[in-house]
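Whenever a hint applies, use it, and build me the whole structure from the sequences.
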Amino acid sequence: MPTDLPDDSTLWTTASPTPGSILQGQSMSVTCLPATGAALISGNLDAAIAALAPGAALLGLLDARPHAPFALRIARDRALLITAEPLDLTLGWHDGFAVSPADDLYLVLAITGEGARGLQDACLSAPAGSPSAAAPFGGHACLVLDNGQGPAVWVPAPEAAALWLRLSRLVAALD
217 MPTDLPDDST LWTTASPTPG SILQGQSMSV TCLPATGAAL ISGNLDAAIA
267 ALAPGAALLG LLDARPHAPF ALRIARDRAL LITAEPLDLT LGWHDGFAVS
317 PADDLYLVLA ITGEGARGLQ DACLSAPAGS PSAAAPFGGH ACLVLDNGQG
367 PAVWVPAPEA AALWLRLSRL VAALD
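In short: position in the sequence shown from 1, add 216, done, that's the numbering used here.
Note that these hints are calculated values from the structure, not bench results.
Watch out, some of these pointers could steer you wrong.
[What the hints assert, rightly or not] Label-pair distances were calculated between CB atoms; the ranges are:
no., residue 1, residue 2, range
1, Asp320, Thr230, 17 to 23 Å
2, Ala338, Asp304, 39 to 45 Å
3, Asp262, Leu307, 35 to 41 Å
4, Ser243, Ala263, 40 to 46 Å
5, Leu307, Ala344, 31 to 37 Å
6, His283, Ala389, 32 to 38 Å
7, Asp391, Asp304, 42 to 48 Å
8, Ala291, Asp337, 22 to 28 Å
9, Asp337, Pro282, 19 to 25 Å
10, Ala280, Asp304, 25 to 31 Å
Positions of the beta carbon are idealized from the N, C-alpha and C atoms, including for glycine.
This is how it looks when you write it as structure tokens:
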């Protein structure tokens with residue numbers, strides 16, 4: 217196998233956003249927030265939430281984002297649990313559910329401002345009300361809640377640079 221292949225990472229010039237990064241338009245902004253306190257849970261979601269974050273709501277697409285803790289449903293038996301601080305987790309299976317840390321799995325993008333709903337409409341065609349928070353957002357599989365002024369989007373970290381580039385172009389075009 218050849219070892220002198222070019223480094224493909226040099227071909228992609230768009231940097232991935234980091235917490236604190238901001239796309240600022242005249243009528244909207246996109247802010248990258250830290251995604252600390254995230255854990256993937258699977259299996260019996262009710263048992264997992266009761267054990268790890270009692271009282272946390274299990275949320276679907278465009279549900280109102282509460283203060284932590286809460287869980288974003290990904291599928292019937294999977295969710296992303298969000299807490300104010302990282303949990304002291306014991307990995308693996310526990311009485312019907314599995315848990316693993318996910319602090320670095322997603323980046324959170326908060327879209328706010330007068331033009332936020334227009335940007336949401338340009339990126340999301342799924343209507344609110346699905347029990348799953350998972351939906352294509354700007355062409356990427358994301359988890360989407362409503363932050364009160366626009367969407368809050370959990371984008372998988374490996375896809376964040378591509379979505380950030382798309383959002384930067386849309387912010388410029390829609391403003």
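| task | Go ahead and decide if the range 39 to 45 Å is satisfied by the Cβ distance of alanine 338 to aspartate 304. | result | This hint holds: roughly 40 Å between Cβ atoms.
| message | Does the beta carbon distance between aspartate 391 and aspartate 304 stay inside 42 to 48 Å, or does it fall outside? | response | Hint holds: Cβ distance 44 Å, inside 42 to 48 Å.
| When you take the CB atoms of histidine 283 and alanine 389, is the distance between them in 32 to 38 Å? | Since histidine 283 and alanine 389 have Cβ atoms about 33 Å apart, the given range 32 to 38 Å holds.
| query | Regarding aspartate 262 and leucine 307, is the given constraint of 35 to 41 Å on their beta-carbon distance met? | reply | violated (20 Å)
| If you check the beta carbons of alanine 280 and aspartate 304, does the distance land in 25 to 31 Å? | 28 Å Cβ-Cβ, so the 25 to 31 Å window holds.
| query | Between aspartate 337 and proline 282, is the Cβ distance one that fits in 19 to 25 Å? | reply | holds (24 Å)
| request: Given the range 31 to 37 Å, decide if the beta-carbon distance of leucine 307 to alanine 344 lies inside it. | output: holds (34 Å)
| task | Given the hint of 17 to 23 Å, check if aspartate 320 and threonine 230 actually sit that far apart at their C-beta atoms. | result | Since aspartate 320 and threonine 230 have Cβ atoms about 19 Å apart, the given range 17 to 23 Å holds.
| Verdict for serine 243, alanine 263 (Cβ pair) under range 40 to 46 Å | holds (44 Å)
| query | Is 22 to 28 Å right for how far apart the beta carbons of alanine 291 and aspartate 337 are? | reply | Holds: the Cβ-Cβ distance is about 25 Å, inside 22 to 28 Å.
Hint 3 from the list above is the single one not met by this structure.
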